[in-house]
Every structure is written in C-alpha cells, then in structure tokens.
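Respectively, the protein sequence lines represent chains Z and F. Using the numbering used here, read the first sequence as starting at 1 and increasing by one per residue. Using the numbering used here, read the second sequence as starting at 1001 and increasing by one per residue.
Source of the hints: derived by calculation from the structure; they are not laboratory data. Just so it is clear, CB atoms sit at the ideal spot from N, CA and C, and this is done for glycine as well. Worth double-checking, as some hints may not be accurate.
Stated by the list, open to error - In silico PhoX-like links for lysine-lysine, alpha-carbon gap of 20 Å or less:
#1 Z/522 <-> F/1161
#2 Z/337 <-> Z/3
#3 F/1094 <-> Z/522
To be verified - Listed next, the stretches of chain Z that the computed footprint assigns to chain F, with coverage defined by at least 3 CB atoms under 8 Å from CB atoms of chain F:
#4 64-73
#5 149-162
#6 505-516
#7 521-533
Unchecked claim - Estimated spans, in silico, between C-beta atoms of each pair:
#8 F/1341 <-> Z/130: 55 to 63 Å
#9 F/1317 <-> Z/589: 36 to 44 Å
#10 F/1137 <-> Z/589: 50 to 58 Å
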Amino acid sequence: MKKLLPSLAAFVVIAGLVATLRAPRNPEAYDIAAFSQLPTLVNGRIKPLDTVARTSLLTIQGRQRVTSADGRSLAPAEWLLDVLHRPAQADSYQTFEIVHPDVLALLNLTTEQGAGGKRFSLQQMLRSLPELDRQARLADGVEHALRSTFQRAIVQLRNAVLLYQHLQTSLVPPGTDDFFAQLEQLERLLPAALQTPMTAGQASPHASPGGKLILEMGTAFATMERFAFLHPIPPAPTAPDQSNWKTVGAAWSETLENGRIDPAARDFATLGRAWRDRQPEAFNAAVASHQEHIDAAFPGVHTRAIVETRFNSSQPFYSSAVLYVITFLVGVFAWLKWPELLGNIAFRIVVIAFAVTTLGILTRMWLEARPPVTNLYSSALFVGWGAVGLCVILEYIYRNAIGSVAAGLIGFATLLIAHHLALGGDTMEMMRAVLDSNFWLATHVVTITVGYSATFLAGFLAIIYVMRGLFTRSLDARTADAIGRMIYGIVCFGTFFSLVGTVLGGIWADQSWGRFWGWDPKENGALIIVIWNAIILHARWGGYVRTRGLAVLAIFGNVVTAWSWFGVNMLGVGLHSYGFMDAAFWWLVMFAFSQLLIIAAASVPMEYWRSFRSAASKPAAAHSGRSSPPCLGVHRSRP
Amino acid sequence: MKEFLRSLRDSLISLKLTIALLVLGMVLVFTATLDQVNLGIWTVQEKYFRSFVIYAKFGPVALPIFPGGYTIGGLLLVNVIGAYVYKFKFIWRKAGILLSHFGLIVLLVGELLTGLWQRDYFMRLDEGQTRNYAQSFRDHELAIIDITDRAFDEVVAFPEKLLTGRREIQHAKLPFRIIPDSFYPNALLQVRPPETEGHRSSFPPSIATAGAGQHLLVAPQPITYKQDERNLPTAFLEIKAPDRSLGMWLVSTQLNAPQVFEYADRSYEIALRPVRSYKPFSLTLLKFSHDRYAGTQIPKNFSSRLRLQTTDGTEDREVLVYMNNPLRHSGFTFYQSGFENNDRTTILQVVHNPSWLFPYVATVLMSVGLTLQFCLHLFSFVGHRRALTAAKPSSAPTAAGTRGNPSTPAAATV
C-alpha cells in the first residue's frame, strides 16, 4: 500500500489535469465555444475573441468571472457578446472594480452597492461619468510618477470605462436605434445607389433613393473605424499586407465605395443580430460560416486561435499553482511525519506541476513564436520554472523533501506574481522595436532569468534552513549540512548564469548601441547580482562564513535579485524601463523587509536554535558546515 | 620598513580586500543607480564611476564620503593582479578559475579605457540633408568663422568653458579679442515686446549692442539632468578690435540664423553650437521609416536609409541603419536613437570607442575559463564516483536516492 500511494496520488493529479483540458461546453443552445475561437487583431496580435474577453475582464475587474444580476455565471465570451450586442444587459453587470474610497465617494457609490463590496456596473456609474472624465483629465496633467493614489485610481477607472466603450463600438456604432435593420436596408439600396451618378448624390444627397441613409451610415462606419477595439475582418487574399486585419467599420466603408459586401462583415452582422434577437440557430450558422471562411483562407491562424482558446480555458498556470501549494504542504509534513512516503508524494506532484508549467510556457512560445521571456509577466513564469527545475534536480539527488518544499514555495510565489502582472492586459504583447530580436531574447534574456531563478532558489533554501533550524527540531546535522551544500551549489550556478547573462547583455548593447556598458539601471541591477554572488563565493572560499553565514548572505541575495528584477523598473529611467509599474513598489519594500527580518532571526545565537539546542550540548556537533566540496574547485575553505 | 611594506602587500592581495571592494562596489553601483533619477545618466557616470572620490555637500563644504569607481576598480585590479603575481601557482585544478579571473582583469582594464576614450555624439539629419560631422550631446563651443572666401571657411572654435570666466580670449588667427560678459548654462530666449511711443517696456534694455541679442530677452532656467532634455547655454560677449569695440553680442545654441559682422575687410560669423566632430565621410538621409504593428501605435521598427560617401571618393553606397543593426564605419558606430519632425528627421547616436574589443576578449576568456572549470570538476566528480563504486561494489549507492546518504554526490549542480 505504501508503495502504491505515491503513484495513486500522481494518478489522481494527472486525471484532474486531463479534466481541465476538456472542451468547454455551451450552457445554452448558442455555440459560444465556436464564437470564442474566432480570431481578431487587437494590439498588433491576432488572437481569439476568448483572449480578448478574458484580458478585458482582467483589466477592468481583476478576474475573469462575470455574474449576471440573476446570479448566473457567464463565460467570458458570453460577456463579450453582451457587451457588443446587448448593451443594456452588459451595462448592468457589475464588472468595474473600484476600491479607492475617494473614488467611490466621487461617484456617489458605497461598498454595500457593489458586488463583493468592490465591483460596480456601468449603470451605477452612468450619472457620474462626466465627473470621472473631468477628474481623469486633471490627473492626466500630472506626471505619471507624481500622481497620488486617488489620481492613479481615477485614471485606471477611466481607462477601464474607455476600454469597455471601445469594445462596444467595435461591431455596432454608438447611438443607432437599429443598426442591423439599417444595414439590411443599405444592402438592398446599394446596387441602385451606386448606379446613380455620384454627382447627383453629391448635389443633393437627400434626393437620391437612400442617399440620406448612405450618408448616415458612412458617418457611422467612420466612427466605428475610429474607435473600434477589435479588428476582426481578415484582409483579402490578394492584399499585400496579410497582417493588416480591418475593423468592421472599415470593411463597411469599403462596401460603400465599391459595392462589394465583405462576407466576414456580413457574418458578424448576422451573428450580432441573432444574439440580440435571441435566435440560436441563426447565431450558430453565422459563426460556422465565418469559421469556415477563416479556416479556408487562414488555416494557421485558425489552429492557433483554437489552441489559444483551449490554453485559456485549461488555465495550466492556475493548476500548477494549486499543485505547488499541495507540494509545499505535503513536503513540510514530510519533515515531521512519514518522511519517505510523503516525500515521495511531494516529489511526484512537483514533477507533474513542473511538467504542466513547462507545457504552458511551451504553448505560449509557440503561440507567440518567441523565446520564453518577452516581458515581466513571462519573466515571472520563467524565473519560477527555472527555480523549480533546479529543485527537481536537487530533490532527485537528495530526497529529503527540501527541494520539493522550495519548489512549492517559489513556484507558487512566482505564479502569484505573474497573476498580478497579468492584470495589465494581454500577456502576449508585441515586442517594441528595440527588443525585437529573437536571438538576443533567447540568449541574454533567458540566461539572465535563469540567474534570477538560481539566486532566488539559494535564498529560499537558506530561508528553509533558518526556519527549520530555529523553530523546529527537525533539522538534524546531516540535513543542515546537505542544505548548506545545496545553497553553495546553487549560488555557484547562479553566479555563472548571472555573469554570462550580463556579459551577453553587454554584447547585445555593443551590437545595437555601440557600447558594451552604459551604467543603465537594468545593467547595474544585473551587475549587482553578479557582485553579490561573487561576494558569497569569495566569503565561502576564504572561510569567513560557514553554513549559517552562507544562508544569511543567500537570503540577502533575495533582496538584491528582487530589486534588480522589479526595483530598477520602478525608477522609470533608462533604456530598459519597458515594464513600468508602481503598485508593486509597496510589495517590493515589504518583501525586502521580510527578508531582513529573517536575517535578523538567523542572527540569533546557534544555541537558541531549537534544532541545535540539544546538539550544542554534545561536543561532536556536526552541523558546523565543514568544508563542502568545492563547486569550482578552488579556495577550499580552511580546515 | 620592510615589514610594513610586506604587510601592506599582503593586505593588498588578500581575499578580505577582495570582498571589501566587492561590497563597496555594490554599494556604489546601487547608489549611483538610484541617483540617476536626480542627476541623469551622464552626470552619474562622472560623479560615481569616473572619479576617485565622491564628495557630498554639507552646506558650503564638500567632504569626501566614498571611494569612486576609479578607486574601487583600480584597487580591485591591483588586488587580482597582485594575487596572480605573488600567489601564482599553476595547478590544473584551478586552470579555469585562473583564466576567468584573467578575463575579469581584461574587462576592468577595458572599462577603464572606455571611460577615458569613449566619445558620444549625435547626428541629426532631415530627409535629403547631408552632414559630414557629428555633434556633442553636452559640450558646446564658440565658433568664429571667417567666411570671406567663398571656397572655404576658416573656423576658430573655443570650448564653452572659456565663456564662463571673464578672462579675455585671444587667438592668433583672429584680429580681435573676445571679452566674455555673462554666461547662462541653460536659458530660454524670448522676443522682446516692441517698444512704442508711450508704452515703455518694463524690462531693462538689453546689454547687447549688436546682432540678434538686441531684440531678445534671456530667461535663465535651472540646469537639467534629464536624459531626454538638453541644456541650452547662452552668453553675452564683447568683441573688441585694437581700434574700437565691435559690439556686445548674444550667442546661444537656440539661434539658428547666423550672426555676421565685418572687420578689416573680412566677414566673420559668430555662433555658440554643440562641439562638432568632423568625419572623413558624409551621410545623407534618404528615407526614415517608422513602422508600427497593424492597428496600433506600438513601434515595430525604426530605420534610416542613408547614403555614405567618403571624401577620398573610394566609397559611395547606400546603408540601412535600424534597431539592433548600427552602421560601423572607420571606428564610429551610428545607431538609430530617435526621430523628430513627423518622422522626417532621424537622430543617430554616434559612438567612438577604440577599446571596444576588450569586453569580447574578456568574454571569451571567462567563458572558456568557466567551461574548463566545469569540465575539470565534472571529470573529477565522475572519477570519484567510479572509484567509490569500484571500491565498494557491495554497498554501492543504488540510486542517488537514499535519504541523506553521506556518499550522495553533493555539488552536481554545477
């Protein structure tokens, strides 16, 4: 039984994971699943409408779930359809997150009125929108870094409302009574209108049949073209730029010019009308028609859209975050009871979680056609992935559950960071000009990120050493020694990768800017990690620190790495400030503070550590961290 | 005395000093990075990295508070080289470490030389415009140009620094002296409101008696350290010939139209302008392109198509400078750094760094060193394990698995 249990646990976990891969089912007769796979161009990338719906929801309310007034929960794509075609319903969904008390007061709202005390509908804000706009304009005049929290909250809310409104104007122009009926009328009138000489129409548009309608519709299309968020109309197969997808407004404007109706634009009109008028058959037929068209003309795009939709719904990073938490708990229990059994279970789960994260990252790479790290979000994923990978190796060698616990801790922490970074919008952004180089992204960026992983891992192993030694009796001399060696080995690894990554960055800088080193903040951040790791190694080689000293230095490495990873971006200066952020500043300070606290705790004299209290009385205390095998073979510590 | 020297040498090459210097270096880099928010990258480099001592101002007195980049880097260099000289003992086991530390020496020396030799300029080109010189970002010069001969100009240029004092400036090629009056490191110019009968300006009359300065007001501004802003210096100066004064002139980098005066049958132009560095070739901007991703304003690429012509006539070709792909020509690197004027003007940054090869050599040395060390370690690790297996065939570790097994390979991570 004992032998079977770990395999059984692994089987249950895998079965659960496979279940997340199921195709999402349609709750009603509407083929929402097919609709959510339709591709569209947004922010320079062609992505399924599902992604648009999810990232929009994350941006405006910080989560993907929507609940209607009658308590039914909506799929993101369903919400998007309502936003596009049933504005009255959509406006009543409480999907705008407002937490700042002054903003609430400004909009005459109280927390009691909001869903969960913080989510409000557009309807609730409707009367205060002009005031919101006025306040946001005032805040716009203030330099970003100098804005107060109120001003930031105002600007954020205004941008959320703008995004919502841009979405709404994507397929239907604002302020028309029955756009689809007008479209139908236009389609009927168009052949005749185009045959009438234009001069007559220009002289008196109201005279020609439908001239007034054509003029009106022309204005409506222009408005849609200008404000639309979605570009869902694929280019004609003969168009020179195949990446240039159009807005629905642009497609209809062209129809006014040449009389040819774009089939995709018509499909979107049909499905919109069907959704509004609650006609599932018509809706499904229009979606299927458009899907066929895309599949025939752009098979690659269609496949990607399907994979991405499935990727979104299976949420691999959420699954692995849950698994990391389980690993952590099981691993910690393994130190106290049934070490072999629980250790085995933890190891199996962490390997599965690692595999899931790997698959998730690979899928993102394939979708983007990019190396793994392209922005802060993906760097968080990759830092976690690298650290967990190292943990798996450590655990394979040592089998003392320390690798599993560290993996659970770092894996979960980095995925949590990634989750918060994803609130800014689509995490697969287009690369800004200077970063658009797959070669350097694949070498410099990946190496330096592995360096971050290793430095963090060393720090977390050190935390485990301190916590276990200080507060539990479970840290025996042999384990203490093993952790010491792990930290040392990982620091060596981290030094190597940080150094190589930094130097590669210098070469990239020389290739593109003509100088190897420019003391730019991000360069300095990388340099500080290298220097700190070098300090740890030299202190170890010189025999100035032993296991505990090594642990303390490694914990401070967490602060150094966190600063270099996020802190320098918050300075808002330099060539690398690609990921500006401010809300995270508080968390960074808190993290640094917590690490300093742990360092302070580690400075408690050894005889007060619970694990060593008894050992200290014995003369042959073996935990002193005697010379560990040299990682780079030099400067053996003094005997 | 000998004792003292020996102990000095020992501490100079000690590992303790290495660690101390690394810590100091880390603090220096960290502080300098934070200070970039206030001082901008250029001033920070001068203050922190290209200095021996960093001073802090306490009221009127400036006190040295921290060693600068040259001190820390120099001592580190002495420390590493000293360790090589006095502790050197070649052991195979350490070969990789020796090599990579040698790479570190090359890197440090290269950075020192870069600090001494590297020059940065920019070249601003409108579409169709040709230039054979680049301009400095921060340094300015007072140029007096003899334009009498239509075939060529004779330029005498003085560094900006000379304008800040009150000392007369003379040059053998000029038949007059220049007497600086006042200097503003950063100032805006405004047109004086015209004085009419009955309405007198509330501003005191300009001290300029010649040229455009008579009609301009000078509004001094605080010196800017921001990376995307530039200081606009302005100065008043008097030009004095032996027989008479040629007037008090205002010169500024903001004046575009040339100011010309005549003396002794020769015509001179006077201008304050960014320091120029003339090249043995010229560049013409044929086309600047600013590509965006479809349906967005996100920049995808910036590129400048240029025509490169050398003065000796050996080269005349078109080149394309774009992101991550600079033009390298006769020791200069031209890279795309900005654009202006509705995408019709390109700004190229021009870098001259004769010591550019050092980091590459250092990189090769360090990479080879670390790889060698890794291999050496791996071999000894494998050998060690083989020996262990051979010695104890019965109790050989079945897998690396047994919990806390003391014979478990330890540092397999590197």
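Consistency of the hints with the structure:
no. : hint                         : result
1   : Z/522 <-> F/1161             : violated (33 Å)
2   : Z/337 <-> Z/3                : holds (16 Å)
3   : F/1094 <-> Z/522             : violated (32 Å)
4   : 64-73                        : violated (count 0)
5   : 149-162                      : violated (count 0)
6   : 505-516                      : holds (count 10)
7   : 521-533                      : holds (count 7)
8   : F/1341 <-> Z/130: 55 to 63 Å : violated (37 Å)
9   : F/1317 <-> Z/589: 36 to 44 Å : violated (55 Å)
10  : F/1137 <-> Z/589: 50 to 58 Å : violated (35 Å)
Against the hints set out earlier in the document, violations occur for numbers 1, 3, 4, 5, 8, 9, 10.
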